[in-house]
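Colleague: If you want the building blocks of each chain, they are given just below.
Protein chains: 2
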Amino acid sequence: MSKIQEQIIAANAAYADNFGDKGTLPGRPRKQFAILTCMDARLDPAKYAGIEEGDAHVIRNAGGRASDDAIRSLVISHILLGTREWFVIHHTDCGMETVTDQTMRQRLRTSLEPADSGTRRSKSNPGKQESHEGDYINWLTIDDPVQSVAEDVARLRCHPLVPEDIVIHGYLYDVNTGRLVRTPPATA
Amino acid sequence: MSKIQEQIIAANAAYADNFGDKGTLPGRPRKQFAILTCMDARLDPAKYAGIEEGDAHVIRNAGGRASDDAIRSLVISHILLGTREWFVIHHTDCGMETVTDQTMRQRLRTSLEPADSGTRRSKSNPGKQESHEGDYINWLTIDDPVQSVAEDVARLRCHPLVPEDIVIHGYLYDVNTGRLVRTPPATA
Numbered sequence: 001m002s003k004i005q006e007q008i009i010a011a012n013a014a015y016a017d018n019f020g021d022k023g024t025l026p027g028r029p030r031k032q033f034a035i036l037t038c039m040d041a042r043l044d045p046a047k048y049a050g051i052e053e054g055d056a057h058v059i060r061n062a063g064g065r066a067s068d069d070a071i072r073s074l075v076i077s078h079i080l081l082g083t084r085e086w087f088v089i090h091h092t093d094c095g096m097e098t099v100t101d102q103t104m105r106q107r108l109r110t111s112l113e114p115a116d117s118g119t120r121r122s123k124s125n126p127g128k129q130e131s132h133e134g135d136y137i138n139w140l141t142i143d144d145p146v147q148s149v150a151e152d153v154a155r156l157r158c159h160p161l162v163p164e165d166i167v168i169h170g171y172l173y174d175v176n177t178g179r180l181v182r183t184p185p186a187t188a
Numbered sequence: 001m002s003k004i005q006e007q008i009i010a011a012n013a014a015y016a017d018n019f020g021d022k023g024t025l026p027g028r029p030r031k032q033f034a035i036l037t038c039m040d041a042r043l044d045p046a047k048y049a050g051i052e053e054g055d056a057h058v059i060r061n062a063g064g065r066a067s068d069d070a071i072r073s074l075v076i077s078h079i080l081l082g083t084r085e086w087f088v089i090h091h092t093d094c095g096m097e098t099v100t101d102q103t104m105r106q107r108l109r110t111s112l113e114p115a116d117s118g119t120r121r122s123k124s125n126p127g128k129q130e131s132h133e134g135d136y137i138n139w140l141t142i143d144d145p146v147q148s149v150a151e152d153v154a155r156l157r158c159h160p161l162v163p164e165d166i167v168i169h170g171y172l173y174d175v176n177t178g179r180l181v182r183t184p185p186a187t188a
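Respectively, the protein sequence lines represent chains A and B. Per my numbering, residue 1 is the first one in the first sequence, and the count goes up by one each step. Per my numbering, residue 1 is the first one in the second sequence, and the count goes up by one each step.
One or more hints might be untrue.
Same chains, same label: a pair holds when it works inside one copy or across any pair of copies.
[What the hints assert, rightly or not] Using 27 Å as the maximum straight-line C-alpha spacing, the simulated DSSO-like pairs for lysine-lysine come out as follows:
id: 1; residue 1: Lys47; residue 2: Lys3
id: 2; residue 1: Lys31; residue 2: Lys47
id: 3; residue 1: Lys22; residue 2: Lys47
id: 4; residue 1: Lys31; residue 2: Lys3
It is worth saying that the hints were derived from the structure and are not from the lab.
Taking the hints into account, I'd like the entire structure generated from these sequences.
Modeller: The following block contains the structure:
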C-alpha cells in the first residue's frame with residue numbers, strides 16, 4: 001500500500017465509523033441542484049457552497065468546463081435524478097489559463113514531465129519519437145475565466161437536451177478570498 | 001435570487017469569513033494525487049477520503065467514469081500539476097446502474113421528466129416530435145460497479161497519454177456504510 005492509500009484508508013475508516021444515518025440517504029439530491037466546477041485542489045465545493053451529503057450533484061473536471069461529458073452528467077442529473085438548477089463555477093488562477101491547445105500538444109509531443117521531476121517517456125512515446133496523441137484532444141483551455149463562465153452557461157442554455165426551465169447560474173470563485181462572485185454581475 | 005442561491009451565498013460568506021491562510025495555497029496539489037469519482041449527492045470525497053483544500057484533484061462525473069473528458073482532466077492533472085497517483089472510485093446503488101443507452105435514449109425521445117414532476121418538453125422537442133439528440137451520446141451506464149471500476153482502471157492504464165509510472169487504484173464506495181473497498185481486492 002502506498003503512503004497516500006494508507007492515509008485515505010485511515011481517513012475513510014474514521015468517516016465510516018461516524019457515518020450516522022447517512023446510509024439511509026436517497027439517491028435523488030434533496031436540494032435539486034448541481035454544481036459544475038473545476039478539479040482544482042484548492043476548491044472544496046461542499047465547503048465553499050455549504051453542501052451536505054445528499055444535497056446536490058457535484059461535477060468536476062479540468063476548468064469546470066461544459067464539456068460533452070459534463071453535459072452527459074448534467075442531463076442525467078436532471079432527467080434521472082430531478083435537479084432543476086445548475087451552477088457553473090470557474091475560478092481565478094486556474095491552471096487552464098496557463099496553457100493553450102498548442103502548448104499542451106507540444107508538451108505532450110516531447111512527453112516532458114514537470115520541471116521538478118525530470119524527463120520521462122510515456123507509452124505514447126516509448127521510442128523517443130514525437131507523440132501526436134495530444135493533438136486529438138480539445139484541452140478546453142481558458143483565456144479569461146469570466147468569459148469562460150459566460151460561454152459555458154451559454155453552451156448549456158442552448159443545448160438541445162437542456163430543457164428551457166432549468167435555471168443556470170454562472171459564478172467565479174476567488175482562490176485568494178474563498179468568495180463566489182456572480183458572473184456576469186447581477187443587474188439591479 | 002433563488003432560494004438555493006441565497007443558501008449558497010450565505011454558506012459561502014461564512015466560509016470566506018473563516019478562510020484563514022487558504023488564500024496562499026499553491027495550485028499544485030500538495031499530496032500529488034487525483035480522485036475520479038461519481039457526482040452522486042451522497043458522496044463527499046473530501047470527507048470520505050480525508051482531503052483538505054490544497055491536497056488533491058477531484059474529478060467527478062455521472063458514474064465516475066474514465067470518459068475522454070476525465071482523461072483530459074487526469075492528463076492535465078499529471079502533466080501540468082504533477083499528480084502521480086490516481087484513484088478511480090465508483091459506488092454502490094449508482095443511478096447509472098438503473099439505465100442503459102437504450103432506455104436513456106428512449107426517455108429523451110419522449111422528453112419525459114421525472115415521474116414526480118409531470119411531463120415537460122425540452123428544446124429538442126418543442127413541437128412534440130420525437131427527439132433523437134440522446135442517440136448521439138454514449139451515456140456510459142454501468143452494469144456492475146466492480147466491473148466498471150476494473151474497466152476504467154484498465155482504460156486509463158492502457159491510454160497512450162498515461163505514463164507507465166502513474167499508480168492507478170480502483171475502489172468501490174459503499175453508500176450504506178461510507179466505506180471504501182479495494183477492487184479487485186488486494187491479493188495477500
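Colleague: Each hint needs a verdict: does it hold in this structure or not?
Modeller: Against the structure, the hints:
1. Lys47 / Lys3: both (26 Å within a copy, 18 Å between copies)
2. Lys31 / Lys47: both (16 Å within a copy, 19 Å between copies)
3. Lys22 / Lys47: For Lys22 and Lys47, both the intra-copy (18 Å) and inter-copy (13 Å) Cα distances are at most 27 Å.
4. Lys31 / Lys3: The answer is between: 10 Å across copies meets 27 Å, while 37 Å in one copy does not.
Checked against the numbered hints listed earlier, the structure breaks none of them; every hint is satisfied.
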